[in-house]
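Below, each chain spelled out in residue letters.
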Amino acid sequence: MVVAQVRSQAQYRTSFAIDVVGSVLFGVLDIGSVLVLFRLAPTLRSFGFREVFLMAALAVTAFAAADLAVGNVERLRVYVRSGLLDAVLVRPMGVLVQLTALDVALRRLGRLVFGIAMLVIAAAHAHLPLTPRSLALLVITPVAGAVVFGAVFVATATVAFWWIESGEIANGLTYGGLNFTQYPITIYGPALRRIFAYSIGFAFVAYYPTLALLDLPDPLGGPVLLAYAAPLVALAAATAAALIWRTGVRHYRGTGS
Amino acid sequence: MAIVSSMWRGPLRARAYLALAGAGFRRHATYRQATFAAVVTNSVFGFLRCAIVFAVIDAGFRVVAGYDRAQLATFVWVGQGLIGTVLIWAPPDFADRIRTGDVVTDLLRPVDPVWQLLAVDLGRAGHAMFTRFVAPIAVGAIFSHLQAPRRPATYVLFALSLLMATVVCFGCRFLVNAAAYWLLDARGPQMGWTIASGFLGGLFFPVWFFPGAVATALIVGTPFPSIIQLPLDVLIERGSPAGQLALLAVQAGWVAIILALCRFVQRQGERKLVVQGG
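If you're matching them up, the sequences are chains A and B in order. Here the working numbering is used: the first residue of the first sequence is 77, the next is one more, and so on. Here the working numbering is used: the first residue of the second sequence is -3, the next is one more, and so on.
Isolated chain A, as found in the complex:
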């Protein structure tokens, strides 16, 4: 199913070219913002360009990977409203699996490739030592981060099962989450940190791993162990999202649609 999709997509050559340009544009946006800000300020709440660049790269890679894997779940709102979801529910494959296989966007793959390139450059720029520990962190962090983002995508899309028109709230958590994770969480107020950084777990996508990678102390006074908690947070997020999703599908089925 996926291979057929990829082939049919590649046939649309103009669209493909635009998709590639689109990926590059997103990359320019992601790195451009950081560059522009540091043109004006030497540090952002005591974090320099080297650290923030690495954080942004980790965040962008995690987001792009999640977007590639489960990004289509945001279309749930359209399927619920148009009744297409009923056709999906009849098939024996899992609902989520079907939705995600429906549209493999080459553009999303391009964004991931750009993110990985950005990560490599950021790591080189920060003169990261090529120890097993750093390499492990560099690989595991975006994967754990992608799981966190993916969980947020699925959980927020589930809102469509209850309030069809409220889907846009999801953007605040998904794209807002991307924005949030690109910068050190010290720039945000305590309320914002409590919701985004700790409750949802966004602080573990890039901030704490970066502290670990660059051996920096946490200005917020958190214990060193937090830096390595990303996989556990990812697991918790995935479990929560799965539960929310299952409840949503059951509720939708139950309302006799």
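One or more hints might be untrue.
To be verified - Here are the in silico distance ranges between beta carbons for each label pair:
#1 B:Gly239 / A:Leu319: 54 to 62 Å
#2 B:Gly249 / A:Gly265: 35 to 43 Å
#3 B:Phe57 / A:Gly298: 27 to 35 Å
#4 B:Asp89 / A:Thr323: 27 to 35 Å
#5 B:Asp108 / A:Leu319: 49 to 57 Å
Bear in mind the hints are in silico, worked out from the structure with no lab data behind them. Every residue gets a Cβ at the ideal spot worked out from N, C-alpha and C, and that includes glycine.
Chain A is fixed; fit chain B onto it per the hints.
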């Protein structure tokens, strides 16, 4: 067709446009859930963007790129209010109509589709003023110190600026949709538009954060700042009163260019449809 269209001159045509604007106003008054959700999203982004620009200015400056703290806060929160009023992102309805062929019925009417859609959009924007414009500003006023205009003339100038920004934004969205006449789907141009309007238009941070020459080139040479950056600069009274008028002049220029471009592209699209036997 010529006989029919001559009937639509004068007061009858004006009434037609007013009716369309009224319909746009009423239709959008029913989207309550969506409006609430959008305002929540705007508020979240308001907090996030404020954090970023405050971190820049708190690096040790009183003023950064010509903005002080209150002006930055005003810039961010009124900017969020602008998003829903000028409507940066809307579902590509027109592009869908082009793809399915429904656009032919629009073309059979004696009213030009560009003006038709503009009238509806202005009605929508009028309604949005009461919801998506004021709500984020109210949130911002509660949590931050915003700067109100000091000169009474600024209110009038801002209203003018907002109107022109709405028209330029409509034009850009129209062009993105009209790409469907030639491309299989408008998703690519839509993506480019979303990124450009935010990054280059002043949504992520003021355009003046870019190097001076780049900022000036963007403001004069692209329509994006005319949608977000310029109305905000008029509002916070950046520079002298003459400076505000200069910004309005740039916007007026872009209104003319964009609308002319829309009419031109629409003509080309219609020609393509006819050639295809539509």
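The hints, checked one at a time:
1. B:Gly239 / A:Leu319: 54 to 62 Å: Roughly 56 Å apart at Cβ, these two residues keep to the hinted range, so it holds.
2. B:Gly249 / A:Gly265: 35 to 43 Å: Holds: the Cβ-Cβ distance is about 41 Å, inside 35 to 43 Å.
3. B:Phe57 / A:Gly298: 27 to 35 Å: Roughly 29 Å apart at Cβ, these two residues keep to the hinted range, so it holds.
4. B:Asp89 / A:Thr323: 27 to 35 Å: holds (33 Å)
5. B:Asp108 / A:Leu319: 49 to 57 Å: holds (53 Å)
Checked against the numbered hints given earlier, this structure breaks none of them.
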